[in-house]
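Number of protein chains: 2
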Amino acid sequence: MLRLLHVPLCPFCRKVRIALREKGLTAELVEVQPWTHPDDLLRLNPASEAPVLIDGTTVVCDSQAITDYLEEAYPEVGLLGKTQAQRNETRRLVAWFDTKMNREVTELLWREKLVKRWAKKGFPRSEVLREGAQNIRFHLTYIDYLYQSRKWLAGDEMTLADIAAAAHLSVLDYMGDVPWDVAGGARDWYAKMKSRPSMRPILLDRLTGLKPPAHYDDPDF
Amino acid sequence: MLRLLHVPLCPFCRKVRIALREKGLTAELVEVQPWTHPDDLLRLNPASEAPVLIDGTTVVCDSQAITDYLEEAYPEVGLLGKTQAQRNETRRLVAWFDTKMNREVTELLWREKLVKRWAKKGFPRSEVLREGAQNIRFHLTYIDYLYQSRKWLAGDEMTLADIAAAAHLSVLDYMGDVPWDVAGGARDWYAKMKSRPSMRPILLDRLTGLKPPAHYDDPDF
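As they're listed, the protein sequences go chains G and F. Per numbering that gives the first Met the number 0, the very first residue in the first sequence carries number 0; after that it's consecutive. Per numbering that gives the first Met the number 0, the very first residue in the second sequence carries number 0; after that it's consecutive.
If we strip away everything but chain G, and leave its shape as in the complex, we get (with noise of 0.2 Å):
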């Protein structure tokens, strides 16, 4: 039995969770705060971060690492794709939206209004919220351009690029922070993300005394 220690709203977390389903594995999760340095997971993760994988004996640290463990340990349902170029494609835009749409976007707008809220840590400062609403504009276009081409965003197949990208606005989408209308095509793609069975379970998560909008878990939005 697979276990998960994850914070719900987390887009690394929810990035593992829905690779974990489109691969056909369920795992036990388990909430965690990391920012209180608990140590239960101290112990598992000396970085005191979320996502921990617990395979039986072997704890794997670190979303990247989850991933590539996964590909390795239950190759059947692959999520890099199937020749090398593909899997470069992937891994570039796994890279895009983990690392640079991350620090552009995600960082800024989720680390201001959610960790700081459950640190219970300062508050928001506007000229960062304002930096990433207006960054997340050039990641939906970009998604938008990459959608225009092909019928996922690296290529003819749903991949791990597809899972990250979806990650991230999950929970940009569940603070009401993603404008929809500058890119349709960004739209239509992260629809038919929202329809696959895999990204059910996140959308369900609800966080305490803050509500998503109405669209949020709805695939017809």
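Please keep in mind that the hints were generated in silico from the structure rather than gathered at the bench. Do not rely on the hints blindly, as some may be mistaken.
Chain copies aren't distinguished; within one or between two, either way the pair holds.
Stated by the list, open to error - No farther apart than 30 Å at their CA atoms in a straight line, the calculated lysine-lysine pairs in the BS3-like style are these:
| id | residue 1 | residue 2 |
| --- | --- | --- |
| 1 | Lys22 | Lys115 |
| 2 | Lys119 | Lys150 |
| 3 | Lys191 | Lys99 |
| 4 | Lys191 | Lys119 |
| 5 | Lys119 | Lys22 |
| 6 | Lys81 | Lys210 |
| 7 | Lys99 | Lys119 |
| 8 | Lys81 | Lys119 |
| 9 | Lys120 | Lys99 |
| 10 | Lys81 | Lys120 |
| 11 | Lys115 | Lys81 |
None of these values were measured; they are calculated from a predicted model.
Please arrange chain F on chain G, whose structure you already have, making use of the hints.
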């Protein structure tokens, strides 16, 4: 023939350069200035970031995607480890250095001191430099801790974890920002890394107008 578009004092480019050498591969190095968004870089990598590896007709963007590509395309010398547990540990530590230490140390010092200088955009902020200088002590102590019970950072073999750590530290050391005296084990481990032939070329890079400390390229420092 491999070609690598790189920035000489970028930790992620250095990680790839060391990895190439460790795998017995050589690449023609082409210096780029991503902060000017040059057309020839943008055509290859829409993120306008280095490193970019060109292998015949194959283009691979992002340092993680490149090292994954090298493992798959040139598997003779593996840099992740032979067992699944070893690969998990290597990847955990690569993420530690490339994400956590990068966010807490390298980004703060490197972006403030070097990228701002190159891009001719603003001056280093002293509070950010202070934060980076404080945080690096924790990371040196962690390297020290790992090296107490292991021959290399992820176990008894040199892996990509050592390469990632050495890439970051070599850039920080160039700027004189590594307080080696706080962690003797970290210093011993880095001396061992510096004596590897794969590290020599990167230790010979010099930036106009900014000299590294005298110990910088000395393996017996």
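Quiz prompt | Status of Lys119 relative to Lys81 across identical chains (alpha carbons, at most 30 Å) | solution = neither (45 Å within a copy, 43 Å between copies)
Quiz item: With identical chains treated as interchangeable, where does the CA-CA distance between Lys22 and Lys115 reach 30 Å or less: within a copy, between copies, both, or neither?
Solution: neither (33 Å within a copy, 43 Å between copies)
Exercise. Could you figure out if Lys99 and Lys119 sit no more than 30 Å apart (CA to CA) within one copy, between two copies, both or neither?
Key: both (27 Å within a copy, 22 Å between copies)
Exercise. Tell me, please, which holds for Lys120 and Lys99 at an alpha-carbon limit of 30 Å: within, between, both or neither?
Key: Answer is both: 25 Å inside a copy and 20 Å across each meet the 30 Å cutoff.
Exercise. Classify it for me, Lys191 with Lys99: is the Cα-Cα distance of at most 30 Å met within a copy, between copies, both or neither?
Key: within (23 Å within a copy, 33 Å between copies)
Quiz item: What label fits Lys81 with Lys210 when the C-alpha limit is 30 Å: within, between, both, or neither?
Solution: neither (40 Å within a copy, 47 Å between copies)
Quiz item: How do Lys119 and Lys150 come out at 30 Å by Cα distance, when the copy is not named: within, between, both, or neither?
Solution: Answer is neither; intra-copy 42 Å and inter-copy 41 Å both fail.
Practice problem: Indicate which option fits the pair Lys119, Lys22 if close means a Cα-Cα distance not exceeding 30 Å: within, between, both or neither. | Solution: Neither. Shortest intra-copy (36 Å) and inter-copy (47 Å) distances fail the 30 Å Cα cut-off.
Exercise. Could you place Lys81 and Lys120 in one of the four classes (within, between, both, neither) given a Cα distance threshold of 30 Å?
Key: So Lys81 and Lys120 fail the 30 Å test inside a copy (45 Å) and across (43 Å) alike.
Practice problem: Please work out whether the CA atoms of Lys115 and Lys81 approach to 30 Å or closer within one copy, between two copies, in both situations, or in neither? | Solution: neither (41 Å within a copy, 41 Å between copies)
Quiz item: How do Lys191 and Lys119 come out at 30 Å by Cα distance, when the copy is not named: within, between, both, or neither?
Solution: This pair counts as neither: shortest intra-copy Cα distance 36 Å, inter-copy 44 Å.
In summary, the structure is inconsistent with hints 1, 2, 4, 5, 6, 8, 10, 11 from the numbered list given earlier, while agreeing with the others.
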